[in-house]
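Taken in order, these protein sequences are the chains called A and B. Take the first sequence: its position 36, counting from 1, is numbered 49 in my numbering, and each next residue is one higher. Take the second sequence: its position 381, counting from 1, is numbered 489 in my numbering, and each next residue is one higher.
Mixed in with the good hints there might be a few duds.
Here are the simulated distance ranges between beta carbons [as the list claims (entries may be wrong)]:
(1) B:Asp483 - A:Pro145: 45 to 51 Å
(2) A:Ala121 - B:Arg255: 53 to 59 Å
(3) A:Gly143 - B:Thr113: 50 to 56 Å
(4) B:Gly173 - A:Pro156: 34 to 40 Å
Here chain B is said to cover these stretches of chain A; the calculated rule only asks that three of the stretch's residues, wherever they fall, bring their Cβ under 8 Å from a Cβ of chain B [what the hints assert, rightly or not]:
(5) 58 to 70
(6) 75 to 88
(7) 137 to 143
Hints are computed from structural coordinates only; laboratory data are not their basis. Every residue gets a Cβ at the ideal spot worked out from N, C-alpha and C, and that includes glycine.
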Amino acid sequence: MVWRTVARHLLLPQAAPRAADPAIAASLRARLAAASARRLGRSLAIRHVPAGSCNGCELELRATQNLIYDLTQYGLTFTPSPRHADVLLITGVAGRNMAEAVRQTREAMPDPVFVVAVGDCAVDGGVFKGSPAILGGADALLPVDLVIAGCPPTPGQIVDGLLALLEAHGDKKEGKARGAAP
Amino acid sequence: MILCTAEEWQAYEGRFVALWTDAQHAYALYQPGTLLAVPLAEGAYPALKHPGASWFQRLAHDMTGAIATGAADTRPAIEQFRAPDGTAPWPDFAAPEGEGAHVVSVGPVHAAIIEPGHFRFTLRGEQVLKLQSRFGYAHKGTLALMRGKSPRLAARFAARISGDATVAHSLAYAQAAEAALAFAPPRRAVHLRAVMAEIERLANHASDIGAIAGDVGFAFLDSRFAWHRESFCAAAYAAFGHRLMMDIVVPGGVASDLRPKGEAAILSSLDALETELPSLIRVFEDYASLQDRLIGTGIIPVELASAYAAGGYVGRASGQNADSRLTPGYAPYEKFGLVVPVEQEGDVAARIRIRLAEITESIRLVRALLAGLPDDGLTVAPPAGSGSGIGVAESFRGPVWTWLRLDNGVIADLFIADPSTLHWPLLEHAVTTSIFADFPVINKSVNGSYSGVDL
Chain A
14 MVWRTVARHL
24 LLPQAAPRAA
34 DPAIAASLRA
44 RLAAASARRL
54 GRSLAIRHVP
64 AGSCNGCELE
74 LRATQNLIYD
84 LTQYGLTFTP
94 SPRHADVLLI
104 TGVAGRNMAE
114 AVRQTREAMP
124 DPVFVVAVGD
134 CAVDGGVFKG
144 SPAILGGADA
154 LLPVDLVIAG
164 CPPTPGQIVD
174 GLLALLEAHG
184 DKKEGKARGA
194 AP
Chain B
109 MILCTAEEWQ
119 AYEGRFVALW
129 TDAQHAYALY
139 QPGTLLAVPL
149 AEGAYPALKH
159 PGASWFQRLA
169 HDMTGAIATG
179 AADTRPAIEQ
189 FRAPDGTAPW
199 PDFAAPEGEG
209 AHVVSVGPVH
219 AAIIEPGHFR
229 FTLRGEQVLK
239 LQSRFGYAHK
249 GTLALMRGKS
259 PRLAARFAAR
269 ISGDATVAHS
279 LAYAQAAEAA
289 LAFAPPRRAV
299 HLRAVMAEIE
309 RLANHASDIG
319 AIAGDVGFAF
329 LDSRFAWHRE
339 SFCAAAYAAF
349 GHRLMMDIVV
359 PGGVASDLRP
369 KGEAAILSSL
379 DALETELPSL
389 IRVFEDYASL
399 QDRLIGTGII
409 PVELASAYAA
419 GGYVGRASGQ
429 NADSRLTPGY
439 APYEKFGLVV
449 PVEQEGDVAA
459 RIRIRLAEIT
469 ESIRLVRALL
479 AGLPDDGLTV
489 APPAGSGSGI
499 GVAESFRGPV
509 WTWLRLDNGV
519 IADLFIADPS
529 TLHWPLLEHA
539 VTTSIFADFP
549 VINKSVNGSY
559 SGVDL
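Bound conformation, chain A alone (with noise of 0.2 Å):
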């Protein structure tokens, strides 16, 4: 029963791959290179810490990973370690009670560490904003290098934004890899 699946599935056309944004491409390029960050290539491990969500962004985080997106394709990948991240993806509103959790998950990252901010939350609290619960924002509680906005943000967008970073840091070979079998 499996194996007929997989096969009926292996025949179907496959999703056209997604490119990112050039503006936005070019935009962080600008501002990562006015950072001297390192070059990481076209790979990049993802530590996602939930600091304060409704649990929207996490739902769609994780169907980033579905056949239909199929982040991995990419290069990019979530981990359970920090020791392996090279992005620290935030969402939610900074809330007073993750505050500590989120600093020592930064703490255990290798430097370059790039922040991104998943969600309206996460951008400046949100629907949340004013609430003294809540500390308004991922950039409340470290500098942020990409925000993808959107309540919650739809798993495209969230891809789009995370191929932005890499096309700002990766090498400049245009498409070479992306969609393509290893």
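With the hints as your guide, set chain B onto chain A.
Quick look at chain B alone, frame taken from chain A:
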């Protein structure tokens, strides 16, 4: 609401749902919607004997300072702030007792992409002896932000109590506001709300069943069920303009009509799941290595589920047949009927069987709802006024309860109870029936919301 004496408050027998306090009273909610209130005496009220009341009493203390006299558990619920001198209100975890017992702590940052919570396991070898959980990391002060706003304005917060159950939370909240102001939404809106609630249930059940299989090494089932979850989200986007259908259920109706190609998108995602489901279920049934990990794992006994009045698939897998769509019941389900599956085993496999049965039932409901959509409008404006009301909606996890009191058109006070609050203590028990390595799959099979209890 029944205003009672301290003795009546403590003696009341019933299936406990939630407890909260305001400046003058403590309130206790019981199925199927009985609300008791007792006046606070010098900021205190008698603790309740129901095991599920413990978390709510801790939460009430953190939120308003009210003290539950005689409560056994006085640890903070959500209060995690650290004083400048480094002291925290949370007491140290007790050292493990007994020979060979050791402690493993996990979180609030977890290995997977999930919400934050801290778990302390006491183990002897592989066997879990005890689990203590500590929450509050997702606390956002949501209830305080809702007070002083009109019902329509505050609906955005109700939709964000727990993102995976956004439709159910919005629905319980809208029905509470409609009960408080004694007005009814158009029939078309009531039907569309049910369509959205059932799609939300389908998407979550599909996603979680796959994730459980993925946790025990069956990536094939995980990716197929994730594909179906994606197809429901895409259909929701085509039909209502938002993948999770956030902010569409509002007090007085719905904010968006079914879009032109929406119905076809929903029907085709239902067909796709219905077609593939038998072969996916066969994988569950055919592979001994999969069954070995799920059968007899993470058992919640019937008596315990009953003591906590557990709802949803957690309760129904352990002998509880309550479903708030039937009791107390709300429109439009009385027109379509509902078969509520019940199992007795209370293990991970039983919770999966319940959710598979609910998938079939939800597919039938959505088709029936779409086939007979009334045509009488989408929304009516909430009248200004005062009053209080209770609303309930069956989320994929179980019943979401909302109580609110309106004063001249703005929210004077409210409380929202997610079913997870009663399920987390059951998880603490279920884990002790298994080994440490089974925690992820047991946790996923209960799937409590962190945001929903941290508020």
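Evaluated hints:
| no. | hint | verdict |
| --- | --- | --- |
| 1 | B:Asp483 - A:Pro145: 45 to 51 Å | 46 Å, holds |
| 2 | A:Ala121 - B:Arg255: 53 to 59 Å | 39 Å, violated |
| 3 | A:Gly143 - B:Thr113: 50 to 56 Å | 40 Å, violated |
| 4 | B:Gly173 - A:Pro156: 34 to 40 Å | 38 Å, holds |
| 5 | 58 to 70 | holds (count 10) |
| 6 | 75 to 88 | holds (count 6) |
| 7 | 137 to 143 | holds (count 3) |
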